[in-house]
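Using the sequences and the hints, build the whole thing.
Chain order of the listed sequences is A and B. Under this note's numbering, think of the first position of the first sequence as 1, with each following residue one higher. Under this note's numbering, think of the first position of the second sequence as 1001, with each following residue one higher.
No lab work stands behind these hints: they were computed from the structure. Heads up, some of the hints might be wrong.
A partial selection of chain B residues facing chain A, derived with a Cβ cut-off under 8 Å [what the hints assert, rightly or not]:
(1) SER1062
(2) GLY1065
(3) PRO1199
(4) PRO1287
(5) LEU1288
(6) PRO1291
(7) ALA1294
Bear in mind the structure is a predicted one, so any value in this text is a computation, not a measurement. Think of the CB as a built atom: it goes at the ideal place given N, C-alpha and C, for glycine as much as any other residue.
Number of protein chains: 2
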Amino acid sequence: MEDKLMLMIPGPTPVPEQVLLAMAKHPIGHRSGDFSKIMAEVTENLKWLHQTKNDVLSLTVSGTGAMEAAIINFLSPGDRVLVGSNGKFGERWVEVAKAYGLNVDTIAAEWGQTLNPEKFRESLEHDTNKAIKAVIVTHSETSTGVLNDLETINRAVKAHGEALIIVDTVTSLGAYNVPVDAWGLDVVASGSQKGYMVPPGLGFVTVNARAWQAYTTAKLPRYYLDLGKYRKDAAKNTTPFTPPVNMFFALQVALRMMQAEGLENIFARHQRLSAATRAAVKALGMPLLAPDTAASPAITSVIPDRVDAEQIRAVMKKRFDIILAGGQDHLKGKIFRIGHLGFVSDRDILTAIGALEATLQELGYEGFTAGAGVAAAAKVIATM
Amino acid sequence: MEDKLMLMIPGPTPVPEQVLLAMAKHPIGHRSGDFSKIMAEVTENLKWLHQTKNDVLSLTVSGTGAMEAAIINFLSPGDRVLVGSNGKFGERWVEVAKAYGLNVDTIAAEWGQTLNPEKFRESLEHDTNKAIKAVIVTHSETSTGVLNDLETINRAVKAHGEALIIVDTVTSLGAYNVPVDAWGLDVVASGSQKGYMVPPGLGFVTVNARAWQAYTTAKLPRYYLDLGKYRKDAAKNTTPFTPPVNMFFALQVALRMMQAEGLENIFARHQRLSAATRAAVKALGMPLLAPDTAASPAITSVIPDRVDAEQIRAVMKKRFDIILAGGQDHLKGKIFRIGHLGFVSDRDILTAIGALEATLQELGYEGFTAGAGVAAAAKVIATM
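See the structure below:
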């Protein structure tokens, strides 16, 4: 049905009407007092969202651009880095590090499994001459819906004492607790089209004092992604290069909405959405890719064994205008992913599960009692 | 007056209502057939605008990001490049080239003067062992309103036979004739918030076969700005990294509007806006920074000698809600710049000149006959 589209993918995520309308305002000059005022408010609220006093810098890039900036500003060619890889995005950071001539050690796990913090601890403990300059970790792996144990991995990095921790929080920030200062996370990257409830087009990087110290000697080449330029101009509430001013209008409204909801409520909502979705999928007799103990608050991946994942996606789209994500790379065709990140309510989960049940009926799948999925989701929603 | 803002700066430029409303549509998934359809149309129309059959790639970056991509994808560390520098943006490309360890020869001119094509010819002719790998030129220098003679410089590059020509057309594309294929321009970069009539947030790079050949051996590190990735995915009407889908909605509408107006009409309109503005400024007795023979179709810089440039900008903003640009770097406070790029009509010029006259009266400037500016602009508009 035209204009009935419902996004249940891990980005772009749904955008509130007031955010969309803010984005449709006529642009203003980016070298104006009016823009600086917006940037000052947005930056302050970004710090609130990141639970940090560090710089939070806004770049005109996708999440990958933000992560690349998070890596290349603090390292030099040949530097040894430890990169966690248990999905598409972990693999991507390995590719970025190699593209820049870094010396990459990978700590891998199967797609769908968590990174083992113990392996990070061992590698870092063995590094007695402190050759490892950075540990690069994806918090919520978007390709699988696995939440890595950032807190424990980070403790091993802190015990090492020298390496920076550089974190991809693209689908965890604004969905799960990421206390940047309390944990001492050195560099943290994310993107607007995820927990921020804003369309794609802005990336964010937080940088603490330790990382800025590393910046002073880091020799990888950069210009557009040179965070020092953004820091210098952010101090005057401006940007080194023309910012997407309409995206800032949108972000201003979205961050106000997030503040009104409150961090604890936002995190609790995402936990509930994730738990309700998982309970429903189990009640429908379909296996989940990620274990319960490492379930992303943002994405639930389902690996159906008696019905085709792509057929489910096709019917959900055609009959109910609900967009689910497919699998990436070797998981293509094998899984589907339900995004429940950002501007997603309990009602949306009931809607999606109801439509999923109807889809399964249409496909002749008989592994569940009709109504069981919605009932299971409703139970979680009623009690969490 | 609230919501009465009128942008007369060289970016962000005014955006048509139908473009703004398209941007406010709810995002769709970027890995969908619907998005691919939009991207196919947009790419086709970008090729029309660039008068090229080359790849035209869309990146989530500002104009600087697009220019950096235009440089770093085709060169290796230590490569010799010839960079034209007669303003802030020329200087910026020198900085980018140096940040990446290129061996930079600069051909400079005073800010407000044109680059001398003869100097390019000499340097290129003397380079008998073909060490110069690229010539980097800003077509319309946004900081001064000078249009460099790209056609003649390009002829010297073609005579050299080896060097690529890499062009910043950020404020010339969509305002002035840039026939990419007819001139054989190898790499051409621009940004959405200029002639495109779209807010900031997208950058564009065209690449021809010769440049792709250079790409295969170019060793500068890159990942997010790696144009090979964009080319590979563009062939399937998709992007390697999440695109700003709402910006594509906007661009789709804006390019349709440009097609309806037609390239020749667009160029003629900008010529007329530039000529009318210059005639008016002269009639007001104020000196122009750029010579008539090198007037940018997009920006007119005025260097007032008997009244303060910043006062003019302040009154224009306060009394008439018209935003003019100031000078950059050493021209700060000395010039003001009138942007007439993109969605700007004859009426807008009459408005701006009328307001400028009123502003000059308010500031007690007596160098002109009241009405002379508007009369001069009207005469150009009536006859061009």
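Going down the list of hints, with the structure as the test:
1. SER1062: SER1062(B) check passes; min Cβ-Cβ to chain A is 4 Å, inside 8 Å.
2. GLY1065: The hint holds - GLY1065(B) has a Cβ within 8 Å of chain A, the shortest such distance being about 4 Å.
3. PRO1199: Holds, because the Cβ-Cβ distance from PRO1199(B) to chain A comes to roughly 4 Å (cut-off 8 Å).
4. PRO1287: violated (24 Å)
5. LEU1288: LEU1288(B) check fails; min Cβ-Cβ to chain A is 22 Å, beyond 8 Å.
6. PRO1291: violated (26 Å)
7. ALA1294: violated (24 Å)
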